[in-house]
Structure formats: structure tokens, C-alpha cells
Amino acid sequence: MLLPTDPGSTDSELIERWRGEPAPLLALLHAFHDRDGYLSETALRAIAQNLRMPLADLFGTVTFYHHFSREPQGLNAPRICTGPVCSLRGGREMLAALASQGATAMPCAGRCDEPVPVLQGQRVLVGTKLDQLVHKATILPPPNPGGIEECVFAEIRQPGRNTLAGYRRTGGYEGLTRAVTTMTPSAVIEFVRQSKLAGRGGAGFPTGQKWQAVADAVGQPKAIVCNADEGEPGCFKDRAILDYDPFAVIEGMTIAAYATGATRGFIYLRYEYPEIAASFQRAIDAAVAANLVGNNILGTAFHFALYIRRGAGAYICGEEGSLLNSLEGKHPFPRNRPPFPVTHGFENLPTAVNNVETLASVPQIMRRSPEWYQGLGRNGHAGTKLVSLSGDVQQPGNYEVPFGLPLRTLLYEWAGGPLPGRSLQAVTMAGLSGGFLAKDDLATVTIDEPSIRSKGSMLGAAGMIAFDDRRNMVEVAHNAMEFFAHESCGKCFPCRIGTQRLTERLAGASPQTLPIWLAEVDDISQTMKAVSACGLGMAAPLVIESLVRYFPEQVAQHVAKVSD
Amino acid sequence: MEKTVQATIQLDGETVNFATGETIYEIASRADKFIPTLCYDPRLQPFGACRLCVVELKGSKNPVASCTLKATPNMEVTTTSERIEKFRKTLLELVTSENPTIAVSPLRSYASQELSLLVERYAADTQRFAGEHSGHSRLDDKNPFLLRDYDLCISCYRCVRVCAEQEGDYAISVMNRGFHTQITTEFNGILKDSACTFCGQCVQTCPTGALGDKKALRFAE
Ligand SMILES: Cc1cc2nc3c(=O)[nH]c(=O)nc-3n(C[C@H](O)[C@H](O)[C@H](O)COP(=O)(O)O)c2cc1C
Ligand code: SF4
Ligand code: FES
Numbered sequence: 067m068l069l070p071t072d073p074g075s076t077d078s079e080l081i082e083r084w085r086g087e088p089a090p091l092l093a094l095l096h097a098f099h100d101r102d103g104y105l106s107e108t109a110l111r112a113i114a115q116n117l118r119m120p121l122a123d124l125f126g127t128v129t130f131y132h133h134f135s136r137e138p139q140g141l142n143a144p145r146i147c148t149g150p151v152c153s154l155r156g157g158r159e160m161l162a163a164l165a166s167q168g169a170t171a172m173p174c175a176g177r178c179d180e181p182v183p184v185l186q187g188q189r190v191l192v193g194t195k196l197d198q199l200v201h202k203a204t205i206l207p208p209p210n211p212g213g214i215e216e217c218v219f220a221e222i223r224q225p226g227r228n229t230l231a232g233y234r235r236t237g238g239y240e241g242l243t244r245a246v247t248t249m250t251p252s253a254v255i256e257f258v259r260q261s262k263l264a265g266r267g268g269a270g271f272p273t274g275q276k277w278q279a280v281a282d283a284v285g286q287p288k289a290i291v292c293n294a295d296e297g298e299p300g301c302f303k304d305r306a307i308l309d310y311d312p313f314a315v316i317e318g319m320t321i322a323a324y325a326t327g328a329t330r331g332f333i334y335l336r337y338e339y340p341e342i343a344a345s346f347q348r349a350i351d352a353a354v355a356a357n358l359v360g361n362n363i364l365g366t367a368f369h370f371a372l373y374i375r376r377g378a379g380a381y382i383c384g385e386e387g388s389l390l391n392s393l394e395g396k397h398p399f400p401r402n403r404p405p406f407p408v409t410h411g412f413e414n415l416p417t418a419v420n421n422v423e424t425l426a427s428v429p430q431i432m433r434r435s436p437e438w439y440q441g442l443g444r445n446g447h448a449g450t451k452l453v454s455l456s457g458d459v460q461q462p463g464n465y466e467v468p469f470g471l472p473l474r475t476l477l478y479e480w481a482g483g484p485l486p487g488r489s490l491q492a493v494t495m496a497g498l499s500g501g502f503l504a505k506d507d508l509a510t511v512t513i514d515e516p517s518i519r520s521k522g523s524m525l526g527a528a529g530m531i532a533f534d535d536r537r538n539m540v541e542v543a544h545n546a547m548e549f550f551a552h553e554s555c556g557k558c559f560p561c562r563i564g565t566q567r568l569t570e571r572l573a574g575a576s577p578q579t580l581p582i583w584l585a586e587v588d589d590i591s592q593t594m595k596a597v598s599a600c601g602l603g604m605a606a607p608l609v610i611e612s613l614v615r616y617f618p619e620q621v622a623q624h625v626a627k628v629s630d
Numbered sequence: 280m281e282k283t284v285q286a287t288i289q290l291d292g293e294t295v296n297f298a299t300g301e302t303i304y305e306i307a308s309r310a311d312k313f314i315p316t317l318c319y320d321p322r323l324q325p326f327g328a329c330r331l332c333v334v335e336l337k338g339s340k341n342p343v344a345s346c347t348l349k350a351t352p353n354m355e356v357t358t359t360s361e362r363i364e365k366f367r368k369t370l371l372e373l374v375t376s377e378n379p380t381i382a383v384s385p386l387r388s389y390a391s392q393e394l395s396l397l398v399e400r401y402a403a404d405t406q407r408f409a410g411e412h413s414g415h416s417r418l419d420d421k422n423p424f425l426l427r428d429y430d431l432c433i434s435c436y437r438c439v440r441v442c443a444e445q446e447g448d449y450a451i452s453v454m455n456r457g458f459h460t461q462i463t464t465e466f467n468g469i470l471k472d473s474a475c476t477f478c479g480q481c482v483q484t485c486p487t488g489a490l491g492d493k494k495a496l497r498f499a500e
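Protein chains in written order, with the working numbering: chain A, 67 to 630; chain B, 280 to 500.
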């Protein structure tokens, strides 16, 4: 259970509660953190001793996670979003006003469609004025104006869809029933392969191929890990699914388990979605009670146990190697690859790590057909993609688009275009990791990986943040690079030092002439892109590269100002 | 079981044998190739942090870290290229930008000149990316054996790894993240209050002299 820890629990009760569970460390740290309001030295000593961890390692690892507080009362100190959208909506001013109450900044907390989130303990409030903060339900994805067919969002607006009864009433569990009672595991994998479903968490790896590799790998027990870390600024699509369609994720994971032979599943949920930790646990409990998760699922010999673990504030824990280390209670550095998680994943055993959206697509594919799913895309691309669109557009929100849709259709027809009297200057891709698209490219690009990559960017998890003609793009890029520096894990040299030096150059350090500034930025960027150890360091330079490419005048002005 | 057919890779155009489990870096070292490293210590598990050891691998768009890459038959590897030399130089310029200086007494420790020798070899400009420094020296740790001058630390984790892997003491670890990474002990205390046994292994593997042998330094005075 992930319900709030009883304030009266003793240390040994908490330890006994979690010690025998899989992936106990994060759960145990949260239990103490929730009970005491911070992680005391006594708590860490008790945990280290009982989990047989070196104290120095545990201490170091706890300091890696920004939301674990080591000061009394730290849990309830307000954390205010200063992400790219919230910075435009007063987040930084709100932070300054609350600084005396111990408020701290947090990076994008996934509420860009309704800024500014303020996280306090187990609750998120939103609002742009401190005296008008309210607790609000996630916004339902707006329907698209063309009535274009959807997959993941097809049923999400049905009332009661997030209850088990409502889910079943709207086609839920038809897919699992079909898979488990009429198909072999390898037939299920073949089905998914034929649909051409690919990873929606950013890397786009074919899902059927990933599952096949796990099924083929030697070693038991295998695991399915649902990546619900959603840390990329500008991305809030997984939150909508987890809130309004939790059973689609559970069913998708269960189908994945059946297909691969996995018997354990973990949902790794970002810290900034505390209400979901509780609601999703209730969904799991309901599925267990209905014999849809647990032992002898649907009366067969198939077993699958499901656990939620909460992160604690680290974007890098969305990277799968880092996520697995975090689950295992290790220092959350990314892992060297190869080997890959499909053979050496959770506890070095075969593991499929999949994004929330990927998994939520699976039940629909199973109840309909691979051809149906493929046919949803355009121009030879298969299927659909959720786009989280925010910033300076009339109707921000989560949209499910057919792959191949022109970007301008989404921006101008679906989301209403810029605010009255304004024009769009730039749109970020992949949240922030793809840098900017701007100028003519906004008019010509289509929403699919090949088209966006041909412009030197990437679609990734498809967060898109729009900036209109009022915005200073150097400032926007500076804010973005600060995020990457803040989130760099610190292991590999090019990212750890490069993100810091690029941030300094966007802030105004190193008074240089323009040619020298450009040469320095280019050398750092090329090095980071080529030799960083993971995707964070490889992608971070795209922001500054695209800034230089599209907005040379703004860059020249910035450098001239600095060197004055 | 040993394979009967000897597996080989192409290394800078020459055919070289390798044993199962060997990394590209190990094979290249045997073949007397020069590949720069900072986070590598042959006694430790490869870590892949400094990225100086990258090499060209046929079929891979980006260079790959040779210290962590295990050889598979018929790989084609080039240990140097124009772009790789440039990346290495830029990496060295980035690393030195974190520290106030790179010149330290060789008496501090066995490996203490590794960084400065590489900087010299690559003619890296240590001031090029000058900016905020990282790492804070622990001059408050008055133990008579180990100097903890983290102003010079480059976060290669060799000390942390040698303490865990070779000594099994697990006395030191790393706190915070990103640029604020700092080598530490439990609760960021002094060594006397930690699991440290003052074996001195960490000092001997440190490639910058951030850790120093206080006895040797005293003796020289
Ligand atoms: C820095 C970084 C952060 C990432 N964050 C996420 C994330 O929050 N959610 C996610 O699903 N994938 C994230 N990924 C991608 C994962 O590593 C992995 O590819 C993905 O979870 C696989 O699932 P999929 O194949 O279903 O997309 C991230 C990757 C990197 C490099
Ligand atoms: S690129 Fe390197 S420093 Fe950055 S997050 Fe990845 S491994 Fe860590
Ligand atoms: S020696 Fe290869 S990355 Fe450090």
C-alpha cells in the first residue's frame, strides 16, 4: 500500500513492513520521510543496518534525490515549479515571495497545461497567484477538432473510465482476455510487432522486438517496468493516462508479462505526482481483487504481481539504466551499455522497461488488430503519438495525433494558434531535449521522427512548448540549460562540466567576442553530443545549437551585452 | 571452455587476438597503443566516466568508450582520429576548468601527475573554459595521514571504487549530483568518524593529487 504512513508507526514496524518486499529501499525511505517529515540520521542508520547497506553509500544516494529532505519539516516546505512554462507564468516571482517560508524551486512538475504547480507534502496545488492556489483535477485531453480516430485517448473521456467497472464497460480487459485465453505468448508478441508499436518514452525502440528479446533471454524472475517518471519539461501526457485510464496501464503491463514470461511488475512513478501514488495503488488493489493481477490470472496458470515505487526528484531516473539502479537501491547513475535491460535489467534479470503511453496502447491493439493500429498513422507511419502542447498557444493540452500530421495543423487548427495579436517564434521538441524548431521549419515539418530529425531535432516523448514573439530566446535557452545542469547525474565528464559551462555562457559569463563564444560553444556541444554516456548529455546541446541556428541576432546581442 | 578458433578484432588495421571478456582498452594496451584515461585503474571495474578513452568503432556513429566495451569477433576499431583527438583535448580543457590549478607535488601520491601529464601532451588550454570551480577541500579533517584537497578533485570516483572494490571498507561515497558532486563519507563527516581504516589506497589511485599522503609530504619538508 502506498497510502500515507501512519504517524504512529515505530522504526521497526516500518522496516518490517518493507524489508521482505522487492525493491524495498525507495519505499522505506519514503515511509520514514512521510512519517518524520525528513530523513534523520537515526532513520538512515536504521535503514542501512537493516538493509545491510554501507552507510556512506546510503547517505550519498539520499543526497542525489532533490525531494528527500534532510532538515526537519522539509517534507512540507513548498516546492514551486520554475520550469519553462511556469517561468513565463510567474513561477519565479512566487518562489521569491515564499522563499522566507523555506520554499524551493522544482523543475517542471508536469502541469504545464495549468501552471503553476506548488507541491506541498502529498498534495499539488495550482495557480498563478499565491493567495489563489487550488487543488484541481488533471485536465481531460481536449478532443481533436477533426474527429480523427484515437487509440490511447479513444475511451479516456468516458465517465467512470478510471474505475474497474467503468473500464470493463468501455472495452477494458477484452485485450488481456483474448491474449491469455486464446493466444500463445509468442502470438501476442507477433501481434504487437505487426502493429509497429514503438517506444513512446523517447527512444522509439520497436516494442515487439523488445518483448521478444526479454522472452528469449535466460533468467527468472523476469520483470516489466512501467516508466512513469515523466521528468522531461513540457511533458504531462503520462499524468493524464495515469489519472483517467490507470487500468489501461495495468492491463498493458499484464499483457506484456504474459508475452515475455515476466512475473513481477514495477511502476516507477515520479515524486511530483503524489495523488497518483494513492489512486494508482487503489486501481492495482481493485485489479487484484478481480483476479486480473496476482496469482492464476483469469483462472489460468499465469501469475503477475505489481508494485508501485515512487521516485524522489531526479530527471535522470527516467533513463532506464538509472531507473533500474534507483529501483534496486543503488546510486542512480545510468548503466554502461551493453548489456541492455532486456537481458540484464532489474537485479540483472531480463526486464522490459516501457513507457506509460506505450503500455496503454497495447490493450487497444490487442482488442482490435495490428492493422487497425498501423492504419491510424499517415504517410506510411504507423499509429499515433500523444503530444503535450503548452506555452503560448490558445489551447494547451494533451493531443493524440496521427503520426505524419503537419505540425502547423496541430499548432494552428487544433490548439488555436498563438494568442491574439501575437505570432509564434519557436516551439521546443521532445520537451526540451530536442531544442527548438522555428522559422520556416515550423511550417514544413510533420509530426514523426524522420521529419523532425531532418531538422536536427527529435520528436522524443513529444512535449512541445510554444514561445511567441514576446520571448527572449536566449533567456529561454538559459533556463533550459540550467535544467540540464541541475539534472546531470555527475558521472560522465562531458555532461557534468559541459552543461555547467554552457549555462554560464547563456547567463553571461566569459566575456568574449562572438567568434570565440561560438567556437567554445561548438566545441563543448560537439563533444557532449558525441561522447556523453547517456541521452541527457547527448541531447542537452540541441537547445543551444538551435538557438544559434535560428536566432543569431539574439545571440549576437547577448554576447555583445556580456562583453561590454 | 576455451574456444578452438581464436577470436580477433581489427585494431588500427591490424588483426589482434583477444580472450573472452577482454575490453577494447585492455586489448589496445596489450598492443602498446596509447589511449588516454583518467577514471581507469586496471585493478578496478571499468566505470566509463571520463570518456577520454573513446575510440572509433566501425558501424557506430559516435565514438565508444573503450574501457567499458567488451570485444566481440571482427570488430573494427581505430584508436585515434582527428575528431577523437579534438574531443580528448576539449574534455581535458573542460576537466581542468573545474580546478584552480593542476600543478601538484609528485610526493602527494603515486598517480598524482596523471592529469597534468595529459594536459601537457594535448597542449590543452586550462583557462579556456574557466568558470565556477567544483569540489571543496576538507582542511577541517586533521587526521595525520590523508590530505583531502577536493578543490583539485575531478570526480573520477577512483577513490570511492578502490575503497569499495579493493578494501571492502565502503567508507567513502559521493554526495549531491551534477556539477555539485562531492566525494564524501557518511553524513559528510571526517574520516576518523567513518568506516575508513586509513589504508591509503585512495591516495595512491588519485590522478590529480587531490588526495595526498601527509606523511610523505611532512617528510619532504
Ligand atoms: C535523460 C533521459 C530521461 C528519460 N526519461 C524518460 C521518462 O521520463 N519516461 C520514459 O518513459 N522514458 C524516459 N527515457 C527513455 C528511457 O530510457 C527508455 O528508453 C524508455 O522508458 C523505454 O520505454 P519505451 O520503449 O516504451 O519508450 C529517458 C531517457 C533519458 C536518456
Ligand atoms: S550524460 Fe553523463 S553525466 Fe549526464 S546524465 Fe548521462 S551519464 Fe550522467
Ligand atoms: S577510462 Fe574510459 S571512460 Fe574513463
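No wet-lab data here; the hints were simulated from the structure.
Please note that the accuracy of each hint is not assured.
Simulated coverage check for chain B against chain A, where a stretch passes if three residues somewhere in it have a Cβ under 8 Å from a Cβ of chain A [as the list claims (entries may be wrong)]:
(1) 293-299
(2) 337-349
(3) 354-360
(4) 373-385
(5) 399-410
(6) 447-453
(7) 480-487
Beta carbons are placed, not taken as given, at the ideal position from N, Cα and C, and that holds for glycine.
Against the structure, the hints:
Under a criterion of three residues with beta carbons nearer than 8 Å to beta carbons of chain A, the stated coverage of the stretch 293-299 of chain B fails, only 0 such residues being counted. Check on the stretch 337-349 of chain B: 5 of its residues sit with their Cβ under 8 Å from a Cβ of chain A, so the three-residue criterion for coverage holds. Counting residues of the stretch 354-360 of chain B whose CB lies closer than 8 Å to any CB of chain A gives 0, which falls below the minimum of 3, so the coverage claim is violated. For the stretch 373-385 of chain B, the stated coverage by chain A holds: 4 residues have a C-beta nearer than 8 Å to a C-beta of that chain, and at least 3 were required.
Counting residues of the stretch 399-410 of chain B whose CB falls under 8 Å from any CB of chain A gives 4; the rule of at least 3 is met. Check result for the stretch 447-453 of chain B against chain A: holds, 5 residues qualifying (beta carbon to beta carbon below 8 Å, three or more required). For a cut-off of 8 Å, the count of residues in the stretch 480-487 of chain B with a CB near a CB of chain A stands at 0, and the three-residue condition is violated.
The structure fails hints 1, 3, 7 (numbered hints given earlier, in ascending order).
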